[in-house]
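Here is what each chain is made of, one letter per residue.
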Amino acid sequence: MSLALLLAAAAHAAVQRWAVLVGNNSGDTGTQPLYFAELDARKMHRILTDQGGISEPDVKLVLGKGRNEVLFAVGAVREAVAAAKARGDQTVVFFYYSGHADATQLQLGRTGLSWEELELLLEKTGADVRVALVDACQSGTITRTKGGTLAPGFVFDVSERLDASGTVIITSSTGDEASQESDAVGGSYFTHFLASALTGAADVNRDGVVTLSETYQYVYHKTVYETAGTRTGPQHPTYEWDLSGTGDLVMTELDRAGSNLIFPAANPGTYAVFDVDHKLFVAEVEVTDSDRRLALRPGHYLVQRRHPTYLAVARLTVPVYGSLTVDPGAFSRAEYEEDLAKGAIDRVIRRARLPRVSLRVFTGAKSFADPTVQAAYFPTTAAAGGEIRFNWRSGQWTSFDFQGGSGTGALAIDGLPYAIPTRVSTGSAGFGIGYATRDAPLRAGAGLHLEGVYLVRSFPGQDVPSQSISTIAPGLAAWAGWYPGHFDLELQLRSHYLPYLVDDRDRGMGFNELLLALGWRF
Amino acid sequence: MMLLALFACGDVSNSVFEEDAAFVAALPTEEHHTMDVPGSGLTAKAELGETPELLAVSISVATDVNSAIFDILGTVDEVRALPPSHRTANSRGWGPYLHDGVDVTATIERSGAGRFDWVFAGERAEEAAPVVWGTHYAGQTVAEGDGEFTWDHAAWGRLWGQDTAGELVVDYDNRDGVDLLVQLAGVRTGGTIPWDASYAYRFVDEAGDFQYLTTYDLPDDGSNDPAAVRVRTRWLPTVGGRSDAVLTGGGLADRTMSWTQCWGVDLTLSYQHDSLGVTEDLGDPASCAWGDFAEVDRL
Numbered sequence: 000m001s002l003a004l005l006l007a008a009a010a011h012a013a014v015q016r017w018a019v020l021v022g023n024n025s026g027d028t029g030t031q032p033l034y035f036a037e038l039d040a041r042k043m044h045r046i047l048t049d050q051g052g053i054s055e056p057d058v059k060l061v062l063g064k065g066r067n068e069v070l071f072a073v074g075a076v077r078e079a080v081a082a083a084k085a086r087g088d089q090t091v092v093f094f095y096y097s098g099h100a101d102a103t104q105l106q107l108g109r110t111g112l113s114w115e116e117l118e119l120l121l122e123k124t125g126a127d128v129r130v131a132l133v134d135a136c137q138s139g140t141i142t143r144t145k146g147g148t149l150a151p152g153f154v155f156d157v158s159e160r161l162d163a164s165g166t167v168i169i170t171s172s173t174g175d176e177a178s179q180e181s182d183a184v185g186g187s188y189f190t191h192f193l194a195s196a197l198t199g200a201a202d203v204n205r206d207g208v209v210t211l212s213e214t215y216q217y218v219y220h221k222t223v224y225e226t227a228g229t230r231t232g233p234q235h236p237t238y239e240w241d242l243s244g245t246g247d248l249v250m251t252e253l254d255r256a257g258s259n260l261i262f263p264a265a266n267p268g269t270y271a272v273f274d275v276d277h278k279l280f281v282a283e284v285e286v287t288d289s290d291r292r293l294a295l296r297p298g299h300y301l302v303q304r305r306h307p308t309y310l311a312v313a314r315l316t317v318p319v320y321g322s323l324t325v326d327p328g329a330f331s332r333a334e335y336e337e338d339l340a341k342g343a344i345d346r347v348i349r350r351a352r353l354p355r356v357s358l359r360v361f362t363g364a365k366s367f368a369d370p371t372v373q374a375a376y377f378p379t380t381a382a383a384g385g386e387i388r389f390n391w392r393s394g395q396w397t398s399f400d401f402q403g404g405s406g407t408g409a410l411a412i413d414g415l416p417y418a419i420p421t422r423v424s425t426g427s428a429g430f431g432i433g434y435a436t437r438d439a440p441l442r443a444g445a446g447l448h449l450e451g452v453y454l455v456r457s458f459p460g461q462d463v464p465s466q467s468i469s470t471i472a473p474g475l476a477a478w479a480g481w482y483p484g485h486f487d488l489e490l491q492l493r494s495h496y497l498p499y500l501v502d503d504r505d506r507g508m509g510f511n512e513l514l515l516a517l518g519w520r521f
Numbered sequence: 000m001m002l003l004a005l006f007a008c009g010d011v012s013n014s015v016f017e018e019d020a021a022f023v024a025a026l027p028t029e030e031h032h033t034m035d036v037p038g039s040g041l042t043a044k045a046e047l048g049e050t051p052e053l054l055a056v057s058i059s060v061a062t063d064v065n066s067a068i069f070d071i072l073g074t075v076d077e078v079r080a081l082p083p084s085h086r087t088a089n090s091r092g093w094g095p096y097l098h099d100g101v102d103v104t105a106t107i108e109r110s111g112a113g114r115f116d117w118v119f120a121g122e123r124a125e126e127a128a129p130v131v132w133g134t135h136y137a138g139q140t141v142a143e144g145d146g147e148f149t150w151d152h153a154a155w156g157r158l159w160g161q162d163t164a165g166e167l168v169v170d171y172d173n174r175d176g177v178d179l180l181v182q183l184a185g186v187r188t189g190g191t192i193p194w195d196a197s198y199a200y201r202f203v204d205e206a207g208d209f210q211y212l213t214t215y216d217l218p219d220d221g222s223n224d225p226a227a228v229r230v231r232t233r234w235l236p237t238v239g240g241r242s243d244a245v246l247t248g249g250g251l252a253d254r255t256m257s258w259t260q261c262w263g264v265d266l267t268l269s270y271q272h273d274s275l276g277v278t279e280d281l282g283d284p285a286s287c288a289w290g291d292f293a294e295v296d297r298l
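Sequence order for the protein chains is A and B. Residue numbers are given in numbering that gives the first Met the number 0: position 103 of the first sequence equals residue 102, and the series is strictly consecutive. Residue numbers are given in numbering that gives the first Met the number 0: position 39 of the second sequence equals residue 38, and the series is strictly consecutive.
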């Protein structure tokens, strides 16, 4: 055991920890959804429950939810903290966020949580130590407003008890930088190195625990280094330190996981560890002059060492409550195209790129535009049906719909003093494609719509057989509506040209559909 | 669009209903089969500025003839207002439908180049007979054609339980205006004297010509017997008109009297003259729409 105090160790049960882990791939209007934010939060959940000394019930994992759910989770932690303090326990609360943000707030989907609110929320938990790890664009805003500056590293005295109290905030970037995701690591750079650090890569003094300062130093250097060559440019993590007292904070304890993967110093290099069972990179470790240890769950892993033209890959099984030393002989050569880890990450990306699907039912009317056609051929009919629509990240939408309907009317024929009673029944199936405005509570779209139409008209009381048309009608579609959440209410207008000559004359057989739709977005 | 049109198929058409309209157009109408002599309900008075007697008589006669034709048109219009109850490519049929206790059926058959034969028949108890029938030849349009129709007044009475007799025949030509030749043969209702008469009516190019035979009791002719009168009334709606009558018999004995009355667009007498001086000469002959005396020439 090193000088660091293992705040979460069982021997120090009087120190209680909680965590609120928030991930949201969706941001406010105009932002492109992220691929890995929610996955990164899951990754942090795994590490903090495995090595961070936080029991499962004490972790609040909030994925893809909005402001209210976050406030509710923090509120639950606040109550638990109050109860623990009443018992005389010391308390630590971690808050992790991965998602969109701007200079004013965290973007939780269409809802927001301002930086000031976040600080206040942390303070109101009443915990002795509050640690916020924010992986978001412009997240440095929160530290800058408090006067925080870039720091290449910092060292705290450590003690055998929790002397410190206050708030520590670490952000993934400065107030004017973007925080980047990487397809190569299957997550954001910041969280990737944060996870690596907490798994053991940051245990520079080999004492078996990873402290807050070790974590920051590791994450800072690795993030800046890895992002320096990106098109977006280097990303600088920042910190805000507002602790009274002395001491460093233990983030994880490597022995707590029970299973370890040992990288011997005899094989120096940088290794990436991919959890085959859970399809994610769990750590990246650099081995130089001494053995390095990563705390991992038992399971199957791929350990990769990257060479310029190929990968060296070892398939390893980490035992339950045991250590496995990485044997150089276990590595075999693999081409980059055969990279199973990349394949798994690509699948995550593909899933994230899938369109947002919505289903809706609608009702309305189908009416021919030409009054002559309406009066003499097809009276307006009621229409009802359903639609499935795919809204792509690019703003494009495609839809498939079907509908049926019927109506009655009386045909007015030139020269006849009476009207012919008529019943019209319709059935159709359509395909639409177009572009929509940005995702927002009020939204509209327009595009092309192709409809296969079947129209039947019969003449009750007349000795005239039913007549029908079946054809494909090209047209335009437009919709606008209110999309407050999963439910939506939409008005749709479709106009089609029906290529059919009636009685050898062009009757202007265009028809319109005006529909009111109620939808559900997944 | 052409490609899409290839995917279109169907049999939607209103031709069957437009054909209904064509068949119905072969039936007589008020517009084409009644007489429209200018003025109505006028009281005649042989003074300048008053309604001429011959015009008033012409109006009255036309109204009487029209009333007979309206009886026919009433039956026809009843069918015209209903969709056919059965259809074939060259026929339409209605009924039977109940009309004042009589089952009426109507049939229109088309043959040749626009020939329509139609008949309205009634059936009641043991009595079944055609009542009105006709043949119509289509012109430029079906409605603008010519033909004739007959009303069996006796059959009408038998079916509807009335004491009637006689027959009314109308020859018509609607291709260029309205031209009617109406003949009544023994038409009688109840105890009235059988009515035998002929009437010729033409309204073409905004000029009307109505010819008929009637009787008229000339005042101050020394007799209560009416004279036989052949009347020809012509008019131009925007100018005025002229009636020429030839009277024989009655108080005239073996004399023949030619009597002319002219009127203006306001339908008041502008000129009067007769060959025997029975009536007072009035007005200026230059006020007449026509200068010549025209006798009845179609009856």
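There could be a bad hint or two in this list.
[Stated by the list, open to error] A few chain A residues facing chain B, derived, Cβ under 10 Å:
(1) 488
(2) 490
(3) 492
[What the hints assert, rightly or not] Pairwise CB distance ranges, derived in the manner of DEER restraints:
(4) 413(A) / 284(B): 58 to 64 Å
(5) 383(A) / 12(B): 24 to 30 Å
(6) 127(B) / 500(A): 23 to 29 Å
(7) 12(B) / 368(A): 16 to 22 Å
(8) 469(A) / 29(B): 41 to 47 Å
(9) 500(A) / 113(B): 55 to 61 Å
(10) 113(B) / 509(A): 35 to 41 Å
Please keep in mind that the hints were generated in silico from the structure rather than gathered at the bench. Just so you know, these numbers come straight off a predicted model, no measurement behind them. For each residue, glycine too, the CB sits at the ideal point set by N, CA and C.
CB-CB spacing for residue 500(A) and residue 127(B) relative to the 23 to 29 Å hint: Cβ of residue 127(B) to Cβ of residue 500(A): about 47 Å, so the range 23 to 29 Å is violated.
For the hint on residue 488(A), does the least C-beta distance to chain B fall short of 10 Å? Check failed: Cβ of residue 488(A) comes no nearer than 33 Å to chain B, outside 10 Å.
Cβ-Cβ distance between residue 383(A) and residue 12(B): within 24 to 30 Å? For residue 12(B) against residue 383(A), whose Cβ atoms are near 28 Å apart, the range 24 to 30 Å holds.
For the hint 55 to 61 Å, verify it against the beta carbon of residue 500(A) and that of residue 113(B). Hint violated: Cβ distance 26 Å, outside 55 to 61 Å.
Beta-carbon spacing of residue 469(A) to residue 29(B) - inside the hinted bounds 41 to 47 Å or not: holds, 45 Å
Interface hint status, residue 492(A) versus chain B (Cβ within 10 Å): violated, 21 Å
May I ask you to test the hint 16 to 22 Å on the CB atoms belonging to residue 12(B) and residue 368(A)? Given about 20 Å between the Cβ atoms, the range holds.
Report holds or violated for the interface hint on residue 490(A), using the least CB-CB distance to chain B and a cut-off of 10 Å. Check failed: Cβ of residue 490(A) comes no nearer than 27 Å to chain B, outside 10 Å.
Residue 413(A) versus residue 284(B) beta-carbon gap, inside 58 to 64 Å or not: Given range 58 to 64 Å: violated, Cβ gap about 49 Å.
Per the hint of 35 to 41 Å, is the separation of the Cβ atoms of residue 113(B) and residue 509(A) within bounds? The hinted range 35 to 41 Å holds for residue 113(B) and residue 509(A), with Cβ atoms some 36 Å apart.
Of the hints listed earlier, those the structure fails to meet are numbers 1, 2, 3, 4, 6 and 9, in rising order.
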